[in-house]
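Enquirer: Sequence:
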Amino acid sequence: RPYECDKCKKTFPISTSLILQQQLHTDERPFRCPDCGKGFTRNCDLVKHGCIHTGEKPNECSECGKSFSEGSALTRHQQ
Numbered sequence: 242r243p244y245e246c247d248k249c250k251k252t253f254p255i256s257t258s259l260i261l262q263q264q265l266h267t268d269e270r271p272f273r274c275p276d277c278g279k280g281f282t283r284n285c286d287l288v289k290h291g292c293i294h295t296g297e298k299p300n301e302c303s304e305c306g307k308s309f310s311e312g313s314a315l316t317r318h319q320q
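With positions in the sequence shown counted from 1, the corresponding number in my numbering is that position plus 241.
Since the hints were made in silico from the structure, they are not lab data.
Note that the Cβ used here is the ideal one computed from N, Cα and C, for glycine as well.
One should not assume that every hint holds.
[To be verified] With a straight-line cut-off of 27 angstroms between C-alpha atoms, the simulated DSSO-like cross-links for lysine-lysine are:
id, residue 1, residue 2
1, LYS298, LYS279
2, LYS248, LYS279
3, LYS307, LYS289
4, LYS279, LYS289
[As the list claims (entries may be wrong)] Label-pair distances were calculated between CB atoms; the ranges are:
id, residue 1, residue 2, range
5, PHE253, GLY306, 34 to 44 angstroms
6, PHE253, GLY296, 31 to 41 angstroms
7, GLU245, GLY306, 39 to 49 angstroms
8, GLU304, PHE272, 31 to 41 angstroms
9, PRO299, THR252, 27 to 37 angstroms
10, GLU245, PHE272, 20 to 30 angstroms
11, THR252, CYS285, 38 to 48 angstroms
12, ILE260, SER308, 32 to 42 angstroms
13, LYS298, CYS274, 12 to 22 angstroms
14, PRO275, GLU304, 14 to 24 angstroms
15, GLY280, GLY312, 17 to 27 angstroms
16, LEU261, GLY312, 17 to 27 angstroms
17, LYS307, THR267, 34 to 44 angstroms
Could you build the full structure based on these sequences and the hints that come with them?
Expert: The following block contains the structure:
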């Protein structure tokens, strides 16, 4: 049985997806960056954000060797 958000009526196949949706409505951001205080709904987004502060660029283009902090930037580069 799908899980339904009581605010927007969207349905989700798993309860964790519903919890993330509810956090969007309440603007709850439990994962905080220790460097700048920016908040995130998901820990994986906080981890990706950390590259801004460290300068890390873990996403490397296999064609030219250029590196990017965000995987989406690498995808755009490769298109």
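Enquirer: Does each hint hold? Answer for all of them.
Expert: Taking the hints in turn, this is what the structure says about them:
1. For the hint linking LYS298 to LYS279, the alpha-carbon distance of about 20 angstroms falls within 27 angstroms, and the restraint holds.
2. A threshold of 27 angstroms between alpha carbons decides the hint, and for LYS248 with LYS279 the separation of about 25 angstroms falls inside it, so the pair holds.
3. For the hint linking LYS307 to LYS289, the alpha-carbon distance of about 18 angstroms falls within 27 angstroms, and the restraint holds.
4. At roughly 12 angstroms between alpha-carbon atoms, LYS279 and LYS289 fall within 27 angstroms of each other, so this suggested pair holds.
5. For PHE253 and GLY306, the Cβ-Cβ distance of about 40 angstroms falls inside the hinted range of 34 to 44 angstroms, so the restraint holds.
6. Between PHE253 and GLY296, the C-beta spacing of about 36 angstroms keeps the proposed range 31 to 41 angstroms intact.
7. With their beta carbons about 47 angstroms apart, GLU245 and GLY306 fall inside the hinted range of 39 to 49 angstroms.
8. For the pair GLU304 and PHE272, the beta carbons lie near 34 angstroms from each other, so the given range of 31 to 41 angstroms is met.
9. Separated by about 35 angstroms at the C-beta atoms, PRO299 and THR252 satisfy the suggested range of 27 to 37 angstroms.
10. Checked against the hint of 20 to 30 angstroms, the pair GLU245 and PHE272 passes, with Cβ atoms roughly 25 angstroms apart.
11. Judged by the Cβ atoms, the range 38 to 48 angstroms given for THR252 and CYS285 is violated: they are separated by roughly 23 angstroms.
12. With their beta carbons about 34 angstroms apart, ILE260 and SER308 fall inside the hinted range of 32 to 42 angstroms.
13. A beta carbon spacing of about 18 angstroms between LYS298 and CYS274 agrees with the range 12 to 22 angstroms that was offered as a hint.
14. Range check, PRO275 to GLU304: Cβ separation about 35 angstroms, and the 14 to 24 angstroms hint is violated.
15. Under the hint 17 to 27 angstroms, the C-beta atoms of GLY280 and GLY312, about 21 angstroms apart, fit the expected range.
16. The given range of 17 to 27 angstroms is respected by LEU261 and GLY312, whose C-beta atoms sit roughly 19 angstroms from each other.
17. Taken as a hint, the range 34 to 44 angstroms holds for the pair LYS307 and THR267, whose Cβ atoms sit roughly 39 angstroms apart.
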